[in-house]
Amino acid sequence: MKGSGEFEGSVWATTAAAEAGRSVLAANALDEGGLQAVLAEALAAGADWGDLFYEAWQGETVAVDDGRVRSCSRSARQGVGVRVIAGERQGFAHTDALRPEPMRSAAAAARAIADGRSAQAHPPLAVAGGRGPTSALPTPPVPSLYAADVDPLALPLDQKVRALAQLDARCRAADPRVQQVMAQVSASLQTVLIVRSDGALAWDVRPLVRLDCTVIARGADGKLARGSARDGGRRGLEPMLEPAALDALAAEAVRQALVNLDGKPVPAGVFDVVLGPGWPAVLLHEAIGHGLEGDFNRKGTSAFAGRLGQRVASPLCTVVDDGTLALDRGALQIDDEGTPGECTTLIENGVLVGYMQDRLNASLMGMRPTGNGRRESYQHLVLPRMRNTYMRAGVDDPKEIVRGLKRGIYAVDFGGGQVDITSGKFVFEMTEAYLVEDGRITAPLQGATLIGDGPSALERVVAVGNDLGFTKGQGVCGKDGQSVPVGVGQPTLRINGMTVGGSQV
Amino acid sequence: MSTHASPAHVAAPVPIRTGDVAASGIGVPLSLLEDLLDRARAAGADDADVIAVAEASSEVRVRRGDIESSSRSEANEVGLRVFVGDRSAIVSSNDLRTSTLQRLCEHAVAAARLVDPDPESRIARNDELAEAPPPLPLFDDAVLAIASSQLVEWARRAEQAAQDTDARIVNTEGCEASAGSSMVRYLTLGGVLRERRSTSTAVVAVPIAKDDAGMEVDYWYGSARRLSDLPTPEAIGRRAAERALRRLGGRMLSTRQVPVVFEAPVASALIADFISALSGERIARKSSYLEGRLGSAVAHSSLTLVDDPLTPYGPGARSFDGEGFAARRHTLVQDGVLVGLLTHLRSAARLGVAHGRNATRGVSSAPGVGPSQIHVANGHTSLQALLREVGTCLLVTATMGHGSDLVRGQYSQGASGLWVEGGAIQYPVHELTVAGDLDALMKAIVGRADDLDPSRGISSPSLLVEGLVVAGAGTP
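Sequence lines, in order, name chains A and B.
1 is the number of the first residue of the first sequence in the numbering used here; add one for each residue after it.
1 is the number of the first residue of the second sequence in the numbering used here; add one for each residue after it.
Next comes chain A alone, as it looks inside the complex (with noise of 0.2 Å):
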């Protein structure tokens, strides 16, 4: 695989972040120089490239239910996963044990890929030395994307669980119908350390916060709704948890589930949809995002492969995905990789212009690395993966756009989603939507599933709202069995012709 010239020695996000991680990996009698020489052992069969990942992650969750906040869990993980490529090969084993024989032992396990190759010429890969750590740093090549000097776990315990009962007391003043309260808060920070065979040695140091509040009320008739609101970002927790940001996060839940206490049943058939800006981007994410990463194109898996070039959504649409939104939950100042984020332009005015990648799949693909290689942990691969994913705004007004439907649904809040990447098949599911006749919004629908055509969903938008917004914090996008945490976005648009999962005939 071949280097793609982006990087000339050593790479840091930022020093702090590099200071940072050294004193962890300095409480684990370890250092870079350690890191390097392991990588050199992995490498010593010959390779096109190999990385080794070390990461130290630790988190905190509170939660409140049944008016207690009782589930109180700290975790911290740590270790080292060490990686091998030869040609579409990968060698991969990692360990816990940050000694240096487990290490060696993994970094051989890795290598037994190439190995398998020894027959073929790949000429063992010098990790370069001496580019290491110094006592001057390179200036940091990108701003820092998330809160300065964040810890979110320096927060006390105690305001978080004081703003927790807070939280649940709100919610059951608001309203007798409120039934029940279930709120949690949770805060993480990962270090990690990219150590490549190009020599480059990259750092990183990632915060990131969420707070979510769901409530279930009952109505007269017994029957059950749920409505919820969160926050959340690559930020602290303080502003989140201060009174005024509580009762509008209390407020949100309990207005969604009184309004869902309302709904209708749902009509089947297919519908004109109105989606809202924010999180009904999930759309995005499951029509057409996952089907623009690199690995399912280069293997002819997508629905979307081979259409670089081509029209692919209405002219409306211009999409990206995006490393770069401070403070963001899916910023990226590095990916896993250690190639820097970006703004990564996947359609524009509605044709395809790129997609999102790794390096193994840039360098089989001719193509650059966009800063998309994401792992969940240390004892996870690295794939091609999305950051937030948003659709950039147009021109029309939201109202007039729900005023010129006919008779369809307007959705302004989903759970999640899912799609089929080869046959294109995608569903999402509202949780908060209204029917709409003639412009007018009717009545409150509950919950359903909506199913189509990735490739062909966007062809069909016909109005793009001036209202870009992006979720709050919320987002977690699962693949092959790993979890990364993402965004999205989209201003208010129209669809015409979706399969609504409804009840009724």
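Hints were generated in silico from the structure; no laboratory data involved.
C-beta atoms are modelled at their ideal positions from N, C-alpha and C, and glycine is treated no differently.
There may be inaccurate statements among the hints.
Said to hold, decoys possible - Pairs of lysine-lysine, DSS-like flavour, derived with a Cα cap of 25 Å: (1) Lys286/B / Lys264/A; (2) Lys443/B / Lys223/A; (3) Lys264/A / Lys406/A.
As the list claims (entries may be wrong) - Under 10 Å between C-beta atoms, here's a sample of chain A residues computed to sit facing chain B: (4) Ala76; (5) Gly79; (6) Gly91; (7) Ala165; (8) Glu238; (9) Glu242; (10) Cys343; (11) Thr345; (12) Gln379; (13) Asp396; (14) Gly416; (15) Ser423; (16) Ala448; (17) Gly452.
Unchecked claim - Derived DEER-like restraints, expressed as beta-carbon distance ranges: (18) Gly219/A / Arg97/B: 51 to 57 Å; (19) Gly481/A / Ala145/B: 49 to 55 Å; (20) Ala245/A / Gly474/B: 58 to 64 Å; (21) Pro134/B / Gly34/A: 45 to 51 Å.
Starting from the known structure of chain A, fit chain B onto it as the hints suggest.
Just chain B, lined up with the frame of chain A:
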């Protein structure tokens, strides 16, 4: 959010590992658990328990005959729960150095002092744990002996068999084979020790079929705790290929109300959803449509559901639950009537119902509840005969989405399958939704085939459900 591209990984069992590791008895030593509990007590804990999980596995992925990845994995992790009076907190770590563990103990005790009291939460007393877990074999030395070259061969054979099935199998997402083992140790401050060793091996095939109309992917897998129970790679590859091939040329349906037959794997997912609604935790927190329904009909009178943790080498078998209780069978639904809930100590106390011994426990969270192994009994007729009997119906072979809304009790899923008329399969259909009231749906399960797959944890034969609404963009 999720992707369906490699369902293989979702379906495969936890990749636990072989081992040289497990075999040689490495893992988290008992003395470390004892030390951790001593430290917790010294830090001020009134009660505590600790769980340690050691896993090791090898996994190989082959694509188009060549190795795509070869991974070796080993992990050791401990989780400690401490109580200070009625208050508790959890800490977990895979860094097992003494200094780290000491810090964790102090943190856990400090955290427990800050949260609310929760009087129903507690660790089982020694007298409650006096019953020893039954002997239950889950470990096979033959799985430990599987070499990675063997895994490569299996994955290659599965892929080859898929390709040999039909010329329209033109590509694959790859085939995987894995083998692993795990060891779980649970120890209470009262001195009760539970240990479980298990092995698992699996082969997964994900072929892609293509014709003029488009591409379709599907998958199949075999998994077993015992090597001799694993189906041949050829059988797995062929089954996966047949599943992808039968999707080719899918048509749309128009929206209609029809009988639906859920093919066994889809029926199993439906039953798993329903079982989630029987969680005592969920019901105690008033977030299940089945709250207050104990003793009443919740499913068709032909349906009986028993949680059975005691099958030797069973995929969901466990000799003790997540709170250390000796496992035993627990009936949830008898002839359609809800007679039991999935409960652990806390939920049983909150609800004032019988304790079901259904606790689950991960290293980083408090005990929850969950089923072990639940198999819906076979009917007396083949799937073909069932379809003949129904005449006109939708046979759902795959669903998409995250399952049912268990709060409201609503079922709504994306679906694809086969259209049946005159009792025979006519053509594949896709881009559909299937929806209905979950309570009504469970009561409308009027038929069962005889095709239960006993190698799955939650497993059902194909089920016939009357009166669901199918939506699609086809013209009537």
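For the hint on glutamate 242/A, does the least C-beta distance to chain B fall short of 10 Å?
This hint is violated: glutamate 242/A lies away from chain B, its Cβ roughly 20 Å from the closest one there, beyond 10 Å.
49 to 55 Å as the expected CB spacing between alanine 145/B and glycine 481/A, which holds or is violated:
Check failed, 26 Å falls outside 49 to 55 Å.
Glycine 416/A was flagged as interface toward chain B. Is the shortest Cβ-Cβ separation under 10 Å?
holds, 5 Å
Would the stated hint for alanine 76/A survive a check requiring a Cβ distance to chain B of less than 10 Å?
OK, holds: alanine 76/A within 10 Å of chain B, min 5 Å.
Go through the hint on aspartate 396/A and say holds or violated, using the shortest Cβ distance to chain B against 10 Å.
violated, 25 Å
Does the hinted range 58 to 64 Å hold for alanine 245/A and glycine 474/B at CB?
violated, 48 Å
Per the CB criterion, is glutamate 238/A less than 10 Å away from chain B?
For glutamate 238/A, the interface hint is violated, since the closest Cβ of chain B sits about 18 Å away, which is over 10 Å.
Would you check whether glutamine 379/A satisfies its interface hint, that is, whether its CB is within less than 10 Å of any CB in chain B?
Holds. Min distance 6 Å.
Restraint: glycine 452/A near chain B, CB-CB cut 10 Å. Satisfied or not?
Nearest chain B Cβ about 7 Å off; hint holds.
So, as I understand it, the hint says alanine 448/A touches chain B; can you test that by seeing if any CB pair is closer than 10 Å?
holds, 5 Å
Taking 25 Å as the top limit, are the C-alpha atoms of lysine 443/B and lysine 223/A close enough?
holds, 19 Å
Restraint outcome when glycine 91/A is required to lie within 10 Å of chain B by C-beta distance:
The hint holds - glycine 91/A has a Cβ within 10 Å of chain B, the shortest such distance being about 5 Å.
When the structure is compared with the earlier hints, violations turn up for hints 8, 9, 10, 11, 13, 19, 20 and for no others.
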